[in-house]
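Asker: Okay, here's what each chain looks like letter by letter:
There are 2 protein chains.
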Amino acid sequence: MLRVGILGGGQLGRMLLQAAANYPVETWLMEKEEDCPAAHLCHHFVKGDIRDFEQVYQFGKGLDAVTIEIESVNEAALEKLESEGVKVYPRAAALSIIKDKISQKQFYKAGGIPTAEFQVTHDLGELRKLGSWLPAVHKVAAGGYDGRGVRILRTTEDLEKGFDEPAVLEKLVSIDKEVAQMIAVNEKGETALYPPVEMIFNPSLNLLDYQISPAELPQQTLWKIEAISLRVVKDLKSPGIFAVELFVSRQGEVFVNETAPRVHNSGHHTIEGNFSSQFDMLWRVILGYPLGNADSILPGAIVNLIGEAGHNGEAHYEGLDEVLQMDNVFVHIYGKKETRAGRKMGHVTILSKEKQELVHKAHRIKQALKIVSKS
Amino acid sequence: MLRVGILGGGQLGRMLLQAAANYPVETWLMEKEEDCPAAHLCHHFVKGDIRDFEQVYQFGKGLDAVTIEIESVNEAALEKLESEGVKVYPRAAALSIIKDKISQKQFYKAGGIPTAEFQVTHDLGELRKLGSWLPAVHKVAAGGYDGRGVRILRTTEDLEKGFDEPAVLEKLVSIDKEVAQMIAVNEKGETALYPPVEMIFNPSLNLLDYQISPAELPQQTLWKIEAISLRVVKDLKSPGIFAVELFVSRQGEVFVNETAPRVHNSGHHTIEGNFSSQFDMLWRVILGYPLGNADSILPGAIVNLIGEAGHNGEAHYEGLDEVLQMDNVFVHIYGKKETRAGRKMGHVTILSKEKQELVHKAHRIKQALKIVSKS
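Going down the list, the protein sequences come from chains A and B. Letter 112 of the first sequence, counting from 1, is numbered 112 in the numbering used here, and no numbers are missing. Letter 29 of the second sequence, counting from 1, is numbered 29 in the numbering used here, and no numbers are missing.
Treat the hints loosely; a few may be bogus.
For chains that are exact copies, the list does not tell them apart, and a pair is met inside one copy or across any two.
What the hints assert, rightly or not - Straight line, CA to CA, 30 Å or less: simulated BS3-like cross-link-like pairs of lysine-lysine: (1) K47 to K32; (2) K337 to K47; (3) K337 to K87; (4) K366 to K188.
Just so you know, the hints here were simulated from the structure itself, not pulled from any lab data.
Assemble the whole structure, with the sequences as input and the hints as a guide.
Answerer: This is the structure:
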């Protein structure tokens, strides 16, 4: 049996380990928190800091392969492990490119991959000179995650709300749709493309409302999305699984927003909705099996379950019964003991041939299910 | 979070724990072998003997609920736990009826549930007097499992091959088809019925070849199967999940063969093939959630992966790549380190709208995939 380590023990690790139990593989997991969502599902839990060189190196030494469920890992340790023959998914070099927003944007530019125009800023002083670039998005180079480290700057006064650290200032693209393309790449360079997913935002809150797969787009736009996403992962020269997030403008132009070199929130519907889920697919890549079938069985939608604002503490799931009563609905609770405002606590997948039913149920679920702390 | 214990750590426990990770539940598992298929997927592993009163009682005390993945558990301990308020799935009384083949057959008879005619035999002496009952099947009352403890007796000489212990002698029914009906029952007595599954046997080896769901049967026969299976689980007066195995004669008569009060091999296709899998469904029952949708998403077939004859030792999976290359095929390897002749080592599920494709792929998989020991 191959010995495979996962860095990070959140919900992505959890679902990766659920899928691992279909295959002959011995699993290791490193995370600081012993009661993290994934800890109890691995064969060998190692309490440790995934950002620490020595700990990551010691964790990976002696394993056949290491993968990640979050970008913020010590990539120098991964590089050393790679040089010593441990397979790393994604390759340390690909992770390095992506982890830093500046190098990620420069990588797109160098490869001729369409992406919003940008400027690098190292501090507020540099940012203040870029008033002519507004409206724009300011993103910190390192450590941004799940909306943290991102600000929209519209007016010159807004510039003061920018980041006083290395960052990227991107011109705002007039977005019609936001989509994500999951792609798996194996060691031979073969690829499997999932049908793209469309993100539906709540315009008043500017929050992701739900996701629908497959995205409804003209055939030509789909081809562009596939071609551009393929270019991204080919240029990254790494096996693994990738989520390429893209903007589609009203004119049908396609821009890469960013890429995640790992299993991703935008692929959760593939657990029930596609023949080979994103988690299954990554195991196939790591274990050297043939790539799976990324085709969808039925169209699907995902609703993320987010901790209610104003609730911090032991998690309770109000309305779970109502949601579990709905047909063709799959609940995934991540087992986080504590809820916090905005924390990802679970997701619900809906399958249906009818897009109307997906949208209708997504709204019902958002209404019905609230994650609150014990009152 | 509810605290739930599972007695037994084989593949059924493994798949039950894979499904548990979708819900807020804290899991315990008891099994003798620390490297059993399910051990690493629970929150709390307890090394112990599930047949031992004291160990089972201590295991269950303080938990909210206990369930089983095999019948051979100490039911007296379960009874005591039940009397102290621990919920047990299935109820100890239902397990008692089923665990002993004599009481199980008497239960069917008492309830007017059609089942093959039978005689109880306590030793070979009693059996020898029943030559007029041949051809018949002799089944030991206690401890039979997966074909062990079952013999077909055709001639009076065969009587000597019968069991010299408490057993049941059943008249051979002329079988056209063998089917299984999975049913879930919740605390309120509500039920969810899966489409019945048809077992296809290899006539030359008398071994289960593959299973197909839904079974192809006249509507009237399906109704009989449902009605009879419902009667069985209603009479058992227990929440949980049940596999009722039935014979269908050429005349369209339906007989109950036996019932398993737990998740069951004949329901494995429900993981991918049905909206709520048998494992998901049992969690819904235990956690007090609404029953799931038992409908099938696509028709499915299961091929069991059985250890090759003549191979004992570290398991190797020959032909796995070929099978993983097939579309719409889902591999489940149970992670047993050692293979033995006839041991259940995994299963493969095939989904397709076309019955022909299910049958064709089932045969290809049986040809391609062999579980052997290292040579």
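Asker: All hints are to be evaluated individually against the structure, with a verdict given for each.
Answerer: So, going through the hints one by one against the coordinates:
1. With identical chains, the CA atoms of K47 and K32 are at most 30 Å apart both within one copy (5 Å) and between copies (27 Å).
2. Taking the shortest alpha-carbon separations for K337 and K47, both the intra-copy value of 18 Å and the inter-copy value of 26 Å come in at or below 30 Å.
3. Proximity of K337 and K87 under a CA criterion of 30 Å is satisfied inter-copy only: 24 Å between copies versus 33 Å inside one chain copy.
4. Taking CA atoms no more than 30 Å apart as the test, K366 paired with K188 passes between copies only; the shortest distance there is 28 Å, against 42 Å inside one copy.
Going through the hint list in order, the structure satisfies each hint without exception.
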